[in-house]
Structure formats: structure tokens, C-alpha cells
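Asker: Below, each chain spelled out in residue letters.
Protein chains: 2
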Amino acid sequence: MGLVWLVPIAGIAAILLAVYLIRDTLARDKGTPEMQDIAARIVEGANAFLRRQYMTIGGLAIVAAIAIGVVLALLSQTDIDGDAVVTSADKLGMGWRTAVAFLVGAICSGVAGYIGMFVSVRANLRTAAAAARGGIREAVAVAMRGGAVSGFLIVALSMLGVTGIYYAYSADAKAEIVPFLIVGFGFGASFVALFAQLGGGIYTKAADMGADLVGKVEAGIPEDDPRNAGVIADLVGDNVGDCAGRGADLFESTAAESIGAMILGVAAYVAATKAGLPNAQVWILFPVVMHAFGLLASMAGVFSVRAKEDEDPMNALNRGFYVSVVVAVGGLALATFMMLGQVVGNPGWLFGAGLVGIATSIAFVYITRYYTEGKFRPVQDIIEGARTGPGTSVVAGTAVGFETTMSTAVVVGAAIWASFWLGGHITFPDGSPVVHGGLFGIAVATMGMLMTAAYVLAMDAFGPITDNASGIVEMSGAGSAVRAVTDRLDAVGNTTKALTKGYAMGSAGLAAFLLFSAYLDTIESLKLGQLLQQGVAVAQATAQAAEFRRVDISVPTVFIGALLGAMLIFLFSSMAMRAVGRTASAVIDEVRRQFREIPGLMEGKARPDYARCVDITARAGLREMIMPGILAVSLPIVVGVVLKAQAVAGFLMVGTIVGMLLATYLNNAGGAWDNAKKTIETGTYIPKGAKEPLKKGSAIHAAAVVGDTVGDPFKDTAGPALHVLVKLLATITLVMAPLFL
Amino acid sequence: MGLVWLVPIAGIAAILLAVYLIRDTLARDKGTPEMQDIAARIVEGANAFLRRQYMTIGGLAIVAAIAIGVVLALLSQTDIDGDAVVTSADKLGMGWRTAVAFLVGAICSGVAGYIGMFVSVRANLRTAAAAARGGIREAVAVAMRGGAVSGFLIVALSMLGVTGIYYAYSADAKAEIVPFLIVGFGFGASFVALFAQLGGGIYTKAADMGADLVGKVEAGIPEDDPRNAGVIADLVGDNVGDCAGRGADLFESTAAESIGAMILGVAAYVAATKAGLPNAQVWILFPVVMHAFGLLASMAGVFSVRAKEDEDPMNALNRGFYVSVVVAVGGLALATFMMLGQVVGNPGWLFGAGLVGIATSIAFVYITRYYTEGKFRPVQDIIEGARTGPGTSVVAGTAVGFETTMSTAVVVGAAIWASFWLGGHITFPDGSPVVHGGLFGIAVATMGMLMTAAYVLAMDAFGPITDNASGIVEMSGAGSAVRAVTDRLDAVGNTTKALTKGYAMGSAGLAAFLLFSAYLDTIESLKLGQLLQQGVAVAQATAQAAEFRRVDISVPTVFIGALLGAMLIFLFSSMAMRAVGRTASAVIDEVRRQFREIPGLMEGKARPDYARCVDITARAGLREMIMPGILAVSLPIVVGVVLKAQAVAGFLMVGTIVGMLLATYLNNAGGAWDNAKKTIETGTYIPKGAKEPLKKGSAIHAAAVVGDTVGDPFKDTAGPALHVLVKLLATITLVMAPLFL
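Protein sequences, first through last, are from chains Z and V.
Numbering follows numbering that gives the first Met the number 0, with no gaps: position 195 of the first sequence is 194.
Numbering follows numbering that gives the first Met the number 0, with no gaps: position 271 of the second sequence is 270.
Please keep in mind that the hints were generated in silico from the structure rather than gathered at the bench.
A portion of the hints provided could be inaccurate.
A pair counts as met if it fits within one copy or between any two copies, since identical chains are not told apart.
Said to hold, decoys possible - Simulated crosslink set (DSBU-like; lysine-lysine; CA at most 35 Å straight-line):
1. K374 to K677
2. K694 to K677
3. K215 to K695
4. K604 to K687
5. K374 to K643
6. K695 to K307
7. K307 to K677
8. K173 to K29
9. K695 to K677
10. K90 to K677
11. K374 to K687
The model shown is predicted, which means the values in this text are computed figures rather than measured ones.
Using the sequences provided together with the hints, build the complete structure.
Answerer: So, in C-alpha cells, the structure goes:
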């Protein structure tokens with residue numbers, strides 16, 4: 000069966016490499032005692048937050064698992080053993096299998112997030128120490144390798160989890176049923192991802208805003224000043240939001256999108272089996288093999304990163320990305336021609352579709368850079384806006400953010416169109432057409448785009464590691480030369496974080512189609528089961544069930560579903576932003592209290608109680624994540640139960656479109672505002688018609704800082720949470736489909 | 000045929016009343032010579048802008064009319080004479096009729112806008128004079144009656160235009176074809192509305208921001224100071240944006256929505272004619288009769304407005320609104336039971352659907368007030384946000400704006416659901432079901448909601464009139480007691496402007512369904528014509544054509560269309576905002592130049608050159624409206640030609656959903672920011688946990704002013720332009736449908 004043996008090999012290789020990288024990181028120089036002291040507090044704070052967060056999420060997950068098990072044991076219509084009757088054993092089996100898969104998915108996601116953060120909060124210290132010794136090259140290597148632990152583990156656990164559960168459930172179920180049995184895994188992963196990203200996003204921005212507003216604005220002390228009780232919470236926040244949160248996001252992407260592609264493969268599998276063609280399981284197992292090649296490509300990329308002392312470190316990371324891309328193209332060729340070539344007469348079309356996916360990932364990298372780097376027109380528009388005050392700067396950023404939706408829509412639309420067209424040409428080896436061949440093209444494109452996921456994740460985790468390193472250097476009182484090194488790395492980290500968001504959103508957009516079709520396959524097969532059980536003749540039932548998969552948005556219930564799906568995106572973003580505001584108030588109150596009540600704090604004679612501030616932020620942030628999370632989980636179910644299966648499909652599809660575009664707006668506007676401020680701070684930007692460059696501390700800089708403050712909850716809380724929300728909608732509707740008939 | 004005779008009576012009554020109100024307004028006291036001088040400059044500036052704007056729009060409209068005529072003469076498939084063959088005479092007839100209807104619609108819209116503004120720029124002076132004499136009661140009456148001229152004329156011209164063209168085209172075409180012949184009228188109206196609202200919106204905010212930024216911020220002189228060259232442009236802007244722009248918007252609503260409902264009535268008309276039932280034309284002519292009753296209801300409302308000296312003038316306007324509502328309910332009862340009762344066995348269901356529409360209009364009034372008045376939680380959230388700086392204030396306003404999409408989506412969704420359900424019960428008098436009965440329920444609900452359109456428009460025009468009155472009082476140096484009166488009226492005007500936007504968006508959302516179904520009817524009948532001409536048998540062609548009206552969003556091209564439709568909304572908003580920024584720069588440069596180059600200006604010894612500033616703003620604003628306008632007109636055509644009819648339907652429907660929600664966000668966030676600032680300025684708001692009220696001039700007030708600046712182009716340029724865009728998409732796809740097969 001082709002290259003399935005690659006999956007355990009690549010998975011185990013990735014895990015071994017991650018272990019090696021963890022040991023390598025831990026063995027490196029830990030810098031001065033001051034640095035170690037600060038880093039220890041970050042470790043402590045991060046552990047405290049994660050412990051508390053996982054307790055909350057764990058409790059919610061157990062409740063959800065039980066609910067899923069009960070609902071499916073009562074309502075599912077899946078004929079697991081293939082005896083053409085849906086017995087109560089089938090129903091019960093569907094219930095427990097989905098509930099178990101849900102928990103496994105949830106646990107894997109949690110483990111991947113935890114280990115990634117375990118390394119990240121230690122790599123920060125080693126990066127700071129390397130920078131202190133003046134070596135930008137070593138600092139880049141430490142940060143990148145620390146980040147790679149997350150990247151490798153997340154993709155490997157996702158791939159091994161899906162494959163493992165596939166084989167476990169294959170023992171007593173027909174092969175074409177198994178993909179439907181494991182959708183719980185994707186739901187578990189997205190359930191954890193939603194809360195991890197939302198809780199982490201609220202925490203990180205509340206701590207950031209709270210610490211800044213009291214420290215910089217009220218008390219007039221610098222950012223990251225050790226007297227500010229909120230600074231450790233701020234540094235912890237970078238890890239929990241960008242590292243653990245985004246890790247859970249991409250864990251979920253790779254898992255859910257594999258499952259969507261597997262469900263899509265079922266139709267081809269059934270047709271191939273009927274026709275007596277060999278290796279029919281290739282149709283179902285292809286996605287995990289693509290991930291295996293992707294892991295290998297990402298490894299090659301990570302180990303090729305070598306920064307030169309005198310260049311922009313971003314160039315080094317970009318070279319690594321292109322190494323990944325080149326290796327991924329090779330892997331794609333092997334996967335399509337060697338593996339899919341066994342079941343497809345003309346695999347070249349699918350190779351083309353995979354290239355479309357890889358090209359899409361590159362396009363997103365360029366688009367994000369254009370819209371968020373200071374040397375291009377959009378960020379400069381914001382700076383020009385800042386010349387007439389904060390209001391016009393915010394309006395300019397809003398216009399830039401809205402404009403970026405164009406590239407997202409055009410690139411995703413073109414990728415769907417091209418890969419669908421390419422896939423539409425595929426045939427079985429005997430020349431007969433493949434059902435849903437076009438959708439299979441989209442599946443291969445999605446997998447192609449995700450091949451570089453582990454590398455992109457490593458770059459993403461580079462962000463919080465260097466950000467933390469910069470904070471540690473600042474707080475430990477290292478010299479300005481050291482700060483110059485870490486500031487450079489920090490700026491690169493901002494870019495990589497923005498890239499990852501674009502990439503995550505783009506892949507979610509491309510994958511949306513797989514998940515839609517998986518949902519439609521699910522409701523079609525459920526309807527067919529229901530009709531057959533009601534004694535409807537097979538031909539008529541098949542026709543009726545096929546009719547059931549059409550999502551006609553001109554039908555009022557479907558339109559209302561679509562309207563509510565779009566609305567959920569706005570409402571959820573609104574709740575996430577308000578949550579940041581309320582949590583930040585808690586931080587502000589606590590930092591103010593410490594300034595007031597701890598004697599000698601302002602004079603530097605006493606230390607603030609960092610742990611208490613971390614704890615308060617964590618409590619408030621986690622409390623605030625509950626309501627939006629519950630809204631996101633319950634609204635699709637309510638719509639489905641009241642307005643039925645097609646309305647949920649409209650809800651899902653239009654929710655996905657709006658989610659994708661609004662997240663693009665929020666992420667890119669936030670990134671552009673941030674970099675408008677940073678560009679002014681470099682002291683090199685000369686505005687149109689002026690002779691002097693803008694300076695830090697000027698009124699124009701102050702106006703740009705307002706934009707940056709606005710952008711913080713946009714790009715680090717609401718935007719990233721929307722990626723996860725979009726995918727959660729897909730997995731929740733898949734799992735809960737039996738409720739919607 | 001029932002009550003069709005009411006249409007000319009109500010129409011002529013409305014026009015006569017408008018003439019009476021114009022004479023009444025002109026006959027009133029014109030105040031001091033200073034006031035008259037300023038008012039004369041506003042009149043001059045408004046005329047200059049409108050002349051220039053209508054020249055531009057006229058040129059574009061002629062090009063568009065020719066293009067439409069040519070395209071339809073080549074490609075249309077409508078069998079005008081009903082001889083079952085589409086001849087070149089049919090095609091040519093379709094071409095010229097649509098082109099003529101387009102031009103008539105465009106001209107009517109222009110005339111209505113022009114006359115409304117003619118009165119508005121004169122009523123402002125009389126309102127100021129009435130206020131100067133201390134009579135809030137008379138000031139309210141003058142402003143309301145001046146506004147009513149717009150309201151009456153716009154609704155009357157729309158109703159008479161649609162009815163007139165219906166009868167004119169009925170001469171040589173079958174009755175069921177006529178509604179398809181007059182869709183050009185709606186397109187003409189929305190074409191003018193798009194440019195009028197966009198150009199007016201860009202002009203008004205660019206003048207406002209430009210004048211404020213140089214005057215208040217740079218030169219440190221008060222708002223509306225006569226030394227500022229931009230102030231007249233600012234006062235002109237209020238009229239061209241809020242009065243002419245919104246007037247064109249609602250002219251288009253009443254026209255396009257009538258036509259949509261008429262097309263919907265065609266199926267019932269055909270069925271009733273076949274069954275030999277009497278009065279079948281009622282099905283088609285019902286919408287204009289509803290408008291006639293609506294006009295009468297609005298007249299009753301306008302003439303019942305009596306402000307008491309010691310009350311909030313808003314209460315007087317609200318009482319008038321409720322008088323309109325009560326009379327509208329009576330009219331609805333007559334229209335449904337007396338007119339529709341002739342063709343429907345159970346008109347009570349439609350009465351219910353109409354009540355749903357009226358209730359929806361009331362709901363929008365309450366929702367808008369909740370989200371934009373200072374006494375409720377949302378605006379207070381923004382004020383609380385301002386306590387920690389402008390950034391947090393902007394974030395709080397964004398969260399509030401996003402949140403408001405919930406009520407819009409829920410109210411529109413519930414109204415569609417309820418009226419569809421009610422309409423689904425209707426039958427012919429013989430008890431046989433009516434095709435698309437549910438959609439007819441939605442049509443009646445839409446017409447019910449629009450019954451109060453003339454009253455709402457009168458309230459809307461109240462806004463710029465009182466705003467101008469306030470400016471005239473300020474600039475003519477009247478005492479603070481007079482200013483207190485006009486400030487109160489101005490605040491009320493802000494609320495009525497916000498209400499109108501909510502109302503316009505809500506009615507557009509409800510009407511969207513009619514326009515979708517009109518589009519689907521159109522492509523179905525075009526496809527049927529095409530198939531029959533290709534020699535396909537009738538039964539098979541009918542089935543294939545019926546299939547053609549399904550908009551399955553899970554089909555990739557439809558999904559891509561939907562994605563691009565959603566994207567257009569964001570991109571168009573982005574372009575509108577950037578246009579404001581660029582136009583404002585032109586204003587800023589000119590005001591600065593005059594301060595610099597006119598000797599004695601700053602000392603009040605010389606007058607600025609207002610006219611030049613008006614002219615520069617007009618040129619820049621009109622130049623900037625071209626690109627977004629062309630994008631809006633061309634993208635749906637490109638999508639239709641490339642991706643075909645169903646993809647355009649997806650584009651239209653999802654574009655409508657996103658447009659409705661994004662406009663809701665932009666309008667309400669803008670209104671809430673504005674009122675957060677105003678609430679602080681009242682000096683009565685005491686923040687949570689504080690003892691002193693906030694004051695004008697404090698840092699918190701400055702933070703709120705930033706929010707207000709951000710909100711200006713949101714609520715007065717991009718948001719209102721989106722209303723029109725959404726309806727333009729519907730009419731353009733209707734007219735251009737033959738291109739998309």
C-alpha cells in the first residue's frame with residue numbers, strides 16, 4: 000500500500016529529533032544569575048497558567064465527551080459492521096468511539112501544547128544568553144531549534160494520532176466507515192484549540208495592555224521594567240498565546256484536514272473496491288503520507304537555517320522555508336506518482352494540485368509581508384495617517400486591513416478553482432472518472448499547503464522565544480549592545496508570527512472545502528440510513544439522500560443559517576475583545592495595588608509579587624474564555640436542531656467565508672499598526688514632503704502607538720481565535736450531524 | 000382592481016403637500032443678515048457640488064444606459080409579445096425599454112435628491128431664525144417640515160415612476176413580462192444612489208475632518224469658526240451626504256423593492272390567469288398600493304409632530320413615528336383585506352406578514368437607540384474604555400459595533416422566517432396553494448416595513464437641517480441661549496440620522512430576499528427561453544430551467560462567487576475610507592494655504608475664500624468616488640461572465656449578508672463613538688467608581704474624540720455607501736442576467 004510505512008518512520012524520527020533538540024537546548028549556556036532568576040519566574044508563571052487552563056479545559060472536555068457519546072449512542076445512523084442494519088450495538092459503538100476519539104484528540108493537542116511550551120520557556124533564556132555573548136548566529140539557532148520542538152511534535156502527534164486511531168478502529172469496522180468514526184479526534188483537537196487560543200489570547204493581551212497602561216503610561220517607567228508586577232505575566236503571555244495557542248491551532252488544522260480528506264477518499268475507495276482495483280485504501284490513507292513527507296521537508300528546513308552575522312535574520316529563516324518548500328515538492332512528487340499512481344491513471348494532475356497548494360503557502364507569506372512590513376505602501380499609509388493624529392491613523396489601518404481581504408479571497412478562490420479543475424481530470428487506472436475528483440484535487444492542494452506546517456510552526460515559536468529573550472535581557476540589566484541583538488530578533492519574531500497567522504488562515508480557507516464536503520457526505524449517508532430503515536426502496540432513498548447534500552442558499556432557512564453564521568463571527572470577536580478589556584482591568588488594579596502597598600517598590604528596593612499578578616491574570620482570562628467558547632460550541636448546534644442540516648451547512652460555509660476575511664482584517668491591520676509604530680521607532684522613515692525622519696517620542700509616534708494598542712487584541716486575541724472557530728464549526732457540525740436531520 | 004386608484008391620489012397629494020411645505024418654509028422668517036449671508040454661501044456651495052456631481056453621474060449614467068441597451072439587445076431572451084419566439088424585435092425592445100427605464104430611474108432619483116436639498120439648504124436658515132426667536136417648538140416644526148419635503152417627494156416619485164412605467168410598457172407587452180421590463184428603473188435608481196451616497200459621503204467627511212484638523216487641532220480655533228475656509232464645505236457636506244445621499248438610498252429601496260415584489264407576483268398572476276380567477280393583476284400591482292398607504296401614513300405622522308417647549312424634541316418625533324405606524328397598520332389592513340382579499344382566500348396571513356414588517360421597523364429604531372444613546376451600556380463601555388486612553392476606547396467601540404450585528408441578524412432572520420411561514424399559508428380563493436406563497440409573505444413584510452419610509456426620511460433630513468442651523472447660529476455670532484436650543488436639536492438630529500441608517504439597512508436585509516427571488520425567476524425564465532429555442536421539449540426544458548434556480552453554495556464556483564462577494568464589501572469600504580483620507584488632505588492643504596496667504600484672516604479682518612474650498616472638496620471627492628463605484632458595478636459582471644449565473648447568485652447573497660453586517664458595524668460603532676464624546680461633553684456622566692463627572696477638555700474627553708474621528712468615515716461614508724452597494728448588486732445582477740448564462 001505504497002508509502003504508509005513512512006508515517007511511523009517520519010513520526011518517530013520527528014519525536015526523536017524533538018527529544019534531541021530539547022536536550023540540546025537544555026544543555027546550552029543559561030547566562031547570568033539575574034537572567035536565570037527572571038526565566039525561572041516565567042517558567043513558574045507559564046506552568047501555573049497551563050495547569051489552571053488544562054484543568055478548566057479538561058473539565059469542559061469531559062462534559063463534552065459524555066454529551067457526544069450519549070447523543071450519538073441515541074441518534075447516530077452509522078452502520079459500523081456493514082450488515083445493512085443500524086442496530087443499537089452500532090449506535091453504542093459510534094457513541095463510545097467518537098467520545099474516545101474526542102478525548103484522544105483533546106489529550107494529544109494538550110500534550111503537544113505543553114511540551115512545546117516546556118521548551119519555549121527554556122529556550123528563551125538560552126537565546127538571551129547566546130545574545131549576551133554577542134552571537135546572533137547562535138541566538139537564531141537556539142530560538143529556531145527551540146521552536147522546532149513545537150513544530151515537530153505537533154505535526155507528528157497529529158499524524159500519528161489520526162493514523163493510530165484509524166488502525167485501532169479498523170479492527171471491527173469496514174474501512175469506508177472508519178473515517179467517520181474518527182471525526183471525534185478532530186473535534187477534540189479543535190475543542191482544545193478554541194479554548195487554548197482564546198484563553199491564551201485573552202491572557203497575553205490583557206497582561207500586555209495592563210502592564211503597559213500602568214507602567215508606561217501612568218507610572219512613566221519603561222516597558223519590561225522589573226518594578227512592574229505585570230511584566231512577568233506579559234512575558235508568560237507571549238508563550239501561552241503564540242506558542243501553546245497557535246500550536247493547538249495548527250495541530251487541529253493538520254488533524255481535521257486529514258480527516259476531511261479521508262472522508263472524501265471514501266467514495267473513491269468504495270468505487271475502486273467495487274471495481275476490484277488493488278490498493279483501494281490508498282484513497283483513504285493518502286493524507287497522512289503527505290504529512291509524513293511534509294515532516295521530512297520541515298526537518299530539512301529547520302536544520303538548514305544558518306544565520307550570517309551581518310544579515311537580516313529573516314533572510315536566514317526565509318532560506319530555511321524555501322529549503323522546506325523544495326524538499327516538499329520532491330515529497331509531493333513521490334507521494335502523488337508512487338502512492339496515488341497506484342490508484343489513479345493520471346497522477347500528474349494531482350501533482351499539479353499539490354503544487355497549487357505549495358504555491359498558495361508561498362503567496363500567503365508574500366502577501367503578509369507586503370501588508371505588514373514597514374517598507375511597503377500599506378504600513379506607510381498608516382504612518383502618513385498618524386501625521387494628522389491617532390484617529391486618522393486608526394482609519395488608515397482599518398482601510399489597510401479591509402483591503403487585505405482581497406488578496407486572501409483571490410488567492411484562496413484561485414487555489415480552490417485551480418485545484419478543483421486539475422482534480423477534475425483524474426481517472427481510475429482503467430480510465431473511468433473518479434467521483435468527486437475535483438474535490439480530491441482540493442484535498443491534495445490542502446495537504447500540499449500543509450506540508451510545510453512544521454517549519455512554519457517552528458518559525459512561529461521563534462516569535463515568543465525571541466520576544467522573551469528580549470524581555471529577559473531588558474529586565475536583567477544587560478547592556479545596550481545585547482539589547483540591540485535581541486531587538487533585531489524580536490522584530491523578526493513579529494514578522495514570523497504574522498506570517499504564521501496568514502498561513503493558518505489560508506490553509507483553513509483551502510481546507511474549508513474538504514470539511515464542507517465531509518459534512519455533506521455525512522448527512523447524505525445518515526439520510527440514506529434513515530430512509531432505508533424507514534423501508535424506502537434503495538434507488539429512491541439514494542436519490543433522496545443525494546438531494547439532501549445540496550445547500551441552496553436561496554431557501555430561507557439556509558439563508559438565515561448563513562446570516563447567523565456570519566453574525567457569530569462578529570459576535571465572537573466582540574466577546575473576545577471585551578474579555579481582553581475586562582481582564583486587563585484586573586491586571587491594572589493589581590499592578591496599581593502593588594505600587595501603592597509594597598514599600599520601596601518604586602525605588603527598586605523591593606520586588607513586586609509577580610506570581611500573584613500572573614495568577615490573577617490567569618483566573619480572569621480563563622473565566623472570560625468560557626462564554627465565547629460556549630457560544631461558539633452551542634450556536635451551530637442550536638441552528639442545526641432548529642433549522643436543520645442544510646441551514647447548518649449554510650451557517651458553516653458563510654461563517655467560514657466571513658471568519659476567514661474578518662480574521663485576515665484583524666490580523667493584518669494589527670500587524671500593520673504594530674509595524675507602523677516600529678518603523679517610526681527605527682528613526683529612519685522620512686514622511687512624504689518632509690526632510691527630517693520621524694522620531695520616537697514625537698506626537699506622530701504617540702499617534703502610531705494608539706494604532707498599536709488597538710491592533711493588539713485584534714491580532715493576538717480575536718483574529719487567531721477566529722481561525723480556530725472556523726475549524727471548530729466544521730468539526731462540530733460533522734460530529735453532531737445526526738442531531739440535524 | 001381594488002385600490003390602484005389610490006396610487007395617483009396619494010402621489011399627487013404628496014407632491015402638492017411638498018409644494019405647500021416648500022412655500023411654507025420659504026415664507027418664514029429668515030433671521031439676521033449675518034445668518035442670511037452664511038446660509039447663502041451654503042446654498043451656493045450645495046448647488047455647485049450638486050451641479051458638478053450630477054454632471055459626472057449623468058455622464059456615467061448615459062454610458063451605462065447605452066451599454067445596457069446594447070447588451071440586452073444582443074443577449075436578452077425575453078419574449079415580450081408572448082408569441083413563444085424570441086425575435087430580434089423582442090431583443091431590441093428589451094434593450095431600449097431597459098435603457099429608457101434606467102434613465103428614467105436615474106433622473107427621478109436625481110430630481111428627488113435635488114429638490115430635497117433645495118429645501119433643506121433653505122430650511123436650515125429658517126430653523127436657525129426660529130431658534131433665535133427662542134421657539135424650540137417652531138424650530139422643530141420648520142426642520143421637520145423641511146425634511147418632509149424630501150420624504151414625500153422621494154417616495155412619491157418612486158411610486159409614481161414605477162407605476163407609470165408599468166402602464167406605459169403594458170401597452171404592447173404581456174402583463175407578466177412588464178415587471179421584467181422595468182428592472183432598469185431600479186438599476187438606474189441604485190446607480191445614481193451609489194454615486195450620490197459615495198460622493199456625498201466622501202465630500203461630507205473629508206470637509207468635516209479637514210476643517211476640524213486644521214481649525215480645531217492646528218490653529219486652535221473653535222469648530223464652525225468663520226475664519227476657517229473649510230466650515231462652509233463642512234455645512235454643505237451635511238446636506239449632500241445625509242440629505243441627498245440618503246434620499247437617493249431610500250428612493251432606490253422603495254423602487255427596487257417594489258419591482259422585486261412585482262416580479263415575485265408574476266408567478267401567482269400566471270397561475271391565477273390560467274385558473275380564470277378575476278383581478279389577477281392585483282398580484283403584480285399590490286406593492287405600489289402599499290406604498291400609497293405608506294405615504295398617507297407618513298403624512299399623518301409629519302403633521303402630528305408638535306414639540307412641547309420643555310421636553311426632549313426626540314419624544315415629539317417619536318410620537319409622530321408612532322402615529323405613522325398606527326395609520327400604516329390601518330392602511331395595511333385595508334390593502335391586505337380589501338385588495339389582496341380579492342385574489343387570496345385567506346388574506347389574514349398576509350396582514351400578519353405586514354405586521355411583522357412594521358414590527359421590524361420599530362425594532363430597528365429601538366436597537367439603534369440602545370446601541371448609540373449615552374444612557375445605555377454600549378456607549379458607556381466606550382467611555383469607560385476612554386479612561387485608559389484612546390486605544391482602549393477604539394477597541395471598546397469596535398467590540399460594541401461588532402456586537403450590534405447580532406440584533407440585526409436576529410431581527411432580520413426572525414422577520415424573514417416569520418413572514419415566510421405566514422405567507423406559506425396563503426391560498427387562492429378556491430383553496431389551492433399559491434406558488435412561492437412564503438416569498439409573498441416576505442414581500443408583504445418588506446412593503447410593511449417601508450410604509451413609514453417617508454416619515455423616516457423626513458426625520459433623517461431633520462438631521463442636516465438642524466446641524467446646519469446650529470452652524471449658522473454659531474458662525475453668525477448668536478448668543479449662547481440660542482446655541483443651547485440649536486445644540487439640543489442637533490443632538491436629536493444625530494439620533495434620527497442613526498435611526499435612518501438602521502432602518503435603511505434593515506429594510507435592505509428584508510428586501511434582499513425579494514431581489515434574490517427576482518434574480519432567480521429571471522435566470523430561470525431566461526434559461527427556459529434559451530432551451531426552448533434550442534429545441535428542447537417543453538417538459539424537459541421546464542425541469543432543467545427550474546434546476547437552474549438553485550444556488551448550491553457547496554459547488555466550488557458558487558463558493559468562490561460567495562467569497563468574492565464578501566470580499567467586495569470589505570474592499571469597497573476600504574476604498575471609501577481611503578478616498579476620505581485623500582480628499583481630506585486636499586481640504587487641509589487649502590485651508591492651510593488660506594491661513595497663510597490671506598492677510599488678516601486669523602485676526603478676523605478678512606474673510607476666507609469659502610467657495611474655493613467648496614470647489615476643491617467637490618472636485619477631489621467626486622474624483623475619488625469613481626474608482627470604488629466602478630469596482631462595485633464591474634465586479635459582479637466579471638464574476639457573472641466568468642463563473643456564471645449561480646456563482647453571481649452566491650456573490651449577491653453572501654455579499655448582501657456581509658454588507659448588511661459590516662454596515663451595521665460601521666454605522667453603529669460610529670454613532671456610539673460620536674455619542675460617547677457627546678455624553679462626556681454634557682458634563683453629567685460619572686464613571687464607575689468615580690465621584691466627579693467627566694468634563695470636556697479632559698484627557699478622557701480627548702481619548703473619546705479620537706474614537707469620534709475614527710467613527711466619522713465609518714458611519715457617514717463607508718456604512719451608508721454599503722447600503723446602496725448591497726441593493727446595487729441586486730439590481731445590476733437582475734439587469735445583466737442575460738450575460739451570465
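Asker: To test your reading of the hints: which numbers does this structure violate?
Answerer: 5, 8, 10
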